[in-house]
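Colleague: In case you want the letters, here they are:
There are 2 protein chains.
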Amino acid sequence: MNIVYLVPCFGLLALLYTAVKSSWVTRQDAGNDKMKEIAQHIAEGAMAFLKAEYKVLIYFVIIAALLLGYMGATHENSHWSIALAFVIGAVFSATAGFIGMKIATKANVRTAHAARTSLAKALQVSFTGGSVMGMGVAGLAVLGLGSLFIILKSYFGAEANTAEMIKTIEVLTGFSLGAESIALFARVGGGIYTKAADVGADLVGKVEAGIPEDDPRNPATIADNVGDNVGDVAGMGADLFGSYVATVLATMVLGSETVSHDAFGGIAPILLPMIIAGAGIIFSMIGTLFVRIGEGSGLNTGVVQKALNMGNWGSIILTAVVSYFLVNWILPESAMTLRGHEFTRGQVFGAIMVGLAVGTLISIITEYYTAMGKRPVKSIIRQSATGAATNIIGGLSVGMESTTLPILVLAAGIAGSFHLAGLYGVAIAAAGMMATTAMQLAIDAFGPIADNAGGIAEMSELPKEVREKTDILDAVGNTTAATGKGFAIASAALTALALFAAFVGVAGIQGIDIYKANVLAGLFVGGMIPFIFSSLAIAAVGRAAMAMVEEVRRQFREIPGIMEGTGKPEYDKCVAISTQASIREMMLPGAIALISPLLVGFIAGPEVLGGFLAGATVSGVLMGIFQNNAGGAWDNAKKSFEKGVEINGETYYKKSEPHKASVTGDTVGDPFKDTSGPSMNILIKLMSIVSLVIAPTLAEMFHTKQPPVPPTVKTETVKPATKTVSSKVTAYLVEKK
Amino acid sequence: MNIVYLVPCFGLLALLYTAVKSSWVTRQDAGNDKMKEIAQHIAEGAMAFLKAEYKVLIYFVIIAALLLGYMGATHENSHWSIALAFVIGAVFSATAGFIGMKIATKANVRTAHAARTSLAKALQVSFTGGSVMGMGVAGLAVLGLGSLFIILKSYFGAEANTAEMIKTIEVLTGFSLGAESIALFARVGGGIYTKAADVGADLVGKVEAGIPEDDPRNPATIADNVGDNVGDVAGMGADLFGSYVATVLATMVLGSETVSHDAFGGIAPILLPMIIAGAGIIFSMIGTLFVRIGEGSGLNTGVVQKALNMGNWGSIILTAVVSYFLVNWILPESAMTLRGHEFTRGQVFGAIMVGLAVGTLISIITEYYTAMGKRPVKSIIRQSATGAATNIIGGLSVGMESTTLPILVLAAGIAGSFHLAGLYGVAIAAAGMMATTAMQLAIDAFGPIADNAGGIAEMSELPKEVREKTDILDAVGNTTAATGKGFAIASAALTALALFAAFVGVAGIQGIDIYKANVLAGLFVGGMIPFIFSSLAIAAVGRAAMAMVEEVRRQFREIPGIMEGTGKPEYDKCVAISTQASIREMMLPGAIALISPLLVGFIAGPEVLGGFLAGATVSGVLMGIFQNNAGGAWDNAKKSFEKGVEINGETYYKKSEPHKASVTGDTVGDPFKDTSGPSMNILIKLMSIVSLVIAPTLAEMFHTKQPPVPPTVKTETVKPATKTVSSKVTAYLVEKK
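So the protein sequences, as listed, match chains B and E. Heads up: the first sequence at position 8 corresponds to 8 in this note's numbering, and the numbers run straight through without jumps. Numbers in this note's numbering are just positions in the second sequence, counted from 1, shifted up by 737.
What the hints contain is simulated information worked out from the structure, not anything from laboratory work. Glycine residues also receive a C-beta, built at the ideal position from the N, C-alpha and C atoms. All clues stand as given, with none of them false.
Among chain B residues calculated to face chain E with C-beta under 10 Å, some are:
| # | residue |
| --- | --- |
| 1 | Q510 |
| 2 | D513 |
| 3 | L536 |
One chain only, chain B, in its complex shape (with noise of 0.2 Å):
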């Protein structure tokens, strides 16, 4: 039974699905020509950033692809395909940025004008916007992993457990670390890009010149506009693409050396990774149409919150029960073995149950450390009361506090996950966790069209409850960011955790023992590679924000009556500004990134290579909440003042002294929460499917010795490898039977 052509379709589905809520989106009223006006040059600073980058990542690719070929071509248990998966990923990933981005910048100015009519009309068309964007994702990585599997494996003519299947595999490494860098790439600079704009906008229009957000005298808000879609949107479309084919592909390697007697040839295992997440896709459709509110919905956040909350909640519960049934219709009933673990598919499901429990346990603890209202942001509210100084102290406390909770339910997801169903647990808990990435995207992209919508609204001079209404559906959409980033670090988390487990496989290492000198060596170094990588991209928000703050003063200073609404600011030399320095600063943290495992890899072998990938692992995951957090929950420290919030009994407002110091506060939390937070998450990822790309080179290289038979493994009947297998893969087949 060819169930494997189900997944493709899956993908093509999602994709007609986009096709559709796409032009119906187009076909939505955009409002007055003011509007259409603003919304251009917001469109078109988007496209021009987009294009400036794809234009020197294509110089990446392309060296990257014949590098990789010719390691391809010159390696037994890889082949020069890789090369072609690594483009193909690259584009699709590049592409899924590009629908994100193209649908944003429609979205925007049609749910400003929506929100003329109500509340309900605004939110249908900026969530609608967010769900094309989410499906387009998905269905764009499932039909590429599903579409090359089927390509590559019979043109390997691979079987289950075979020299063969070990190269299709590997192959498919290819596409997502295609996927991946071009996510570094446009995470890194859409992040950079985004908050040298935010922060330039800021310090010059609200805190110097005392214009409010948005205002059209301000020459840096286009570009601040422009950054919601190239950071929040494409941005992070590419990112999520990139992190949902690593984790189903981090599934498919472990199970590709998984010992399965099934219905499927032997190749289950491999194939339940990706019909979860097919059946995710039809689960999250389902789960849009839920979120819908009444045309008569008093105007607050909680009514919107509710409704993403049924379509979030459902589309989870309902892909957490069909995949009770897929599990026992794919998997045997016999137990299956994966490197001395023997599991059964019941286990399996219960690492499935596993990694959602981690990932909403997690975005539970998230939304604790960062909603307005609670302890933490209630803590930094109280010491914005002595200035900026305690705000920022407090800030910093909040967010390395909150790594203690999330790191608990990680290490007992891994505990228990590992527990269940081996390595194999870690990984189905993490593509688990992801099959419902569409609604997760879908819910994480309508933030910034609300955002956007605002500013236009804000720009074209729109009456007061246009803004309201695109506030609520801000505010909200911040409370989603947080939460989808707990979600994606989490993912990331148990994704690298099966790359890394992957890559031990393929190294052909016998374990990562740190009590070995050079592996706790490249332990300290590969824990410093977030350090250095948070500390470039912050430092290149800094310095792009203050080459905007002073091409906003030279604007202010220079262009005869700007203040007064009669002089037209330049907008576009901000947008270049942003622009340049964007492309310019991802460039290092990027090489960092590939670079590092590659020099370590080669120059001290797969076991130090090893211990480099976990001290990354950790000290990523650790940074990446801390940054997270501590961004999220200052932002909502300074939102908390529009209200008035009370401190000693003395209530205070927007302009008071600790507002003033809260926004200092959110000022330093936005290359945290926008830029180097978010990135930590394929930095982790990315450097462990590097690792696992060169670990059948290392293996050569480093003569790795085999690992032994391990004392709990079923000897069973071995299908014979169906070409020619060199030594070096019989070995590694021995080993698992």
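Go by the hints and put chain E onto chain B.
Modeller: Only chain E this time, still in chain B's reference frame:
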């Protein structure tokens, strides 16, 4: 030959030096009545804190001693006397802090008076004060370790490589545990005290009321000056006492496992670190002779810095040279073996040189990242032009970046010293680095003494020239404090690794394989500990500072004539706030450090605990470097404004907008660099020592398998254990032969 008796003699010699120099300081003129009165206030406040702190710690020591005694009495490889060793370690550590504080509160006012005469005289008094403390700490450490070793060895009748020697060293671990526990509480408590007072005094005094630092009208000013003594002096003294003991002990533990055929009955590898420490004391004494400047020296920092460098380098170079002879005298000509790694005495000397090189390089790098006029500090200054937010972003970025080079040096040092002399090499590298602790501490402690002298000069309204001189000493003290922290974190990392290695041996595990899911989970949890610890420490400072701010505001409001100098501020209320807050807030972080390894070890077993320790060490070193250097860089960015800085062609001074931004950064950096940052090195060592202490119990509980005989070990005739040896110990010994 009983060279072991030399060790306590070195200690006694150092204590003699302490007594002589201390009485010299006491004999100096303490100035006029006003100065004496203020100094009296400070001394009383400091003593009140120490009393309050030690009162609480007595309970902790009693409870911990009972538990240890029970554990020691019920386990074969240990002994009830470990409780006694623990108590002695705790008392010695507390005494080290006490000595430091006593001399510092005498030297401060005498330095102020000496500064009325000349810079040379002021340096002499303050540096002599520092050296009293340095020698006191080193003397107590060497005396305690040396005499306990002699007593225990004779009590158990221990010979090299016997179960009795294992027991001797195990009991000695209790001494280190006692020392390091007190160190942690002293460092954290003192750190919270000093920064709460400092931040509180600055926020209201400098920022709100616009009065200068150390103005007698500020009610928090006495608390601020007390803080220098309890944090930077007493806290640091206990800290370095603990570090010094832990480093020497770690080498002794590994030395006790080393098979050596030497002139000292096989215990040469145990003796070597103690002898080197003793020699370091002598050379530190010689080094202090170089620290003097001519009476006619100009009033600038260069001349003082040069004198200190002379002393520092003199003692380091002397120690390096002499250790060549010591190594060749004490260690045997034939190769030694530790866990399958064979090494010669030449290689041991090489490892010592590696340790010195690592320490020196990390100090130089630390200085680069925190010194005025270098790129990192200048970048923060430039970012101050656009406000507090960009200043903070700049500092965080510099701090994160500053982890890169030290980690690379450290990784190379680990790999290098291990390559030379195995795990013994890693440990002796740390011991070599710490040999001149007495000198290091003298250089570190003179800074806060000078700082205090400046405060006293200000409060007793001495002429401006006096303050100028103490400011020069203080400025130099800031630089040496930064490099001292670099040294401390580097040696802590190596010590923690040596303890970690010792733990693996004692716990009887084969290695720590992070490829195992549980161990990896342990790595994550361990990595999180420095984050929650830092969070608690930082938050404590924030909270205590706010309480201080409110009290100072209240006094300004309610005490009539306080701003005119006619009303007297209630200094004692502020002292009480800092004292209570620091005692209360040091509990939880201290408990986490002590209890978390117990929980992980007893629940999840020794290998998971190993992963936990590795995670904590890596993350602790990173967080330590990050926080220390970010804080140091912010501080010096602020200080740079005193002489004026140029940003974009304009020169800015104190009270300019960029300067105000830099004050905010400095305030954020205060808890980083003086509370949480410097606690990191104690934290990682303390957790390793706790683990080492419980390792024999864990080995019994978890029936840890003994490692197989490593292939490279030479078979040698084994001295039979002199008394009945349990099967466990036999297995342990067999492994090594």
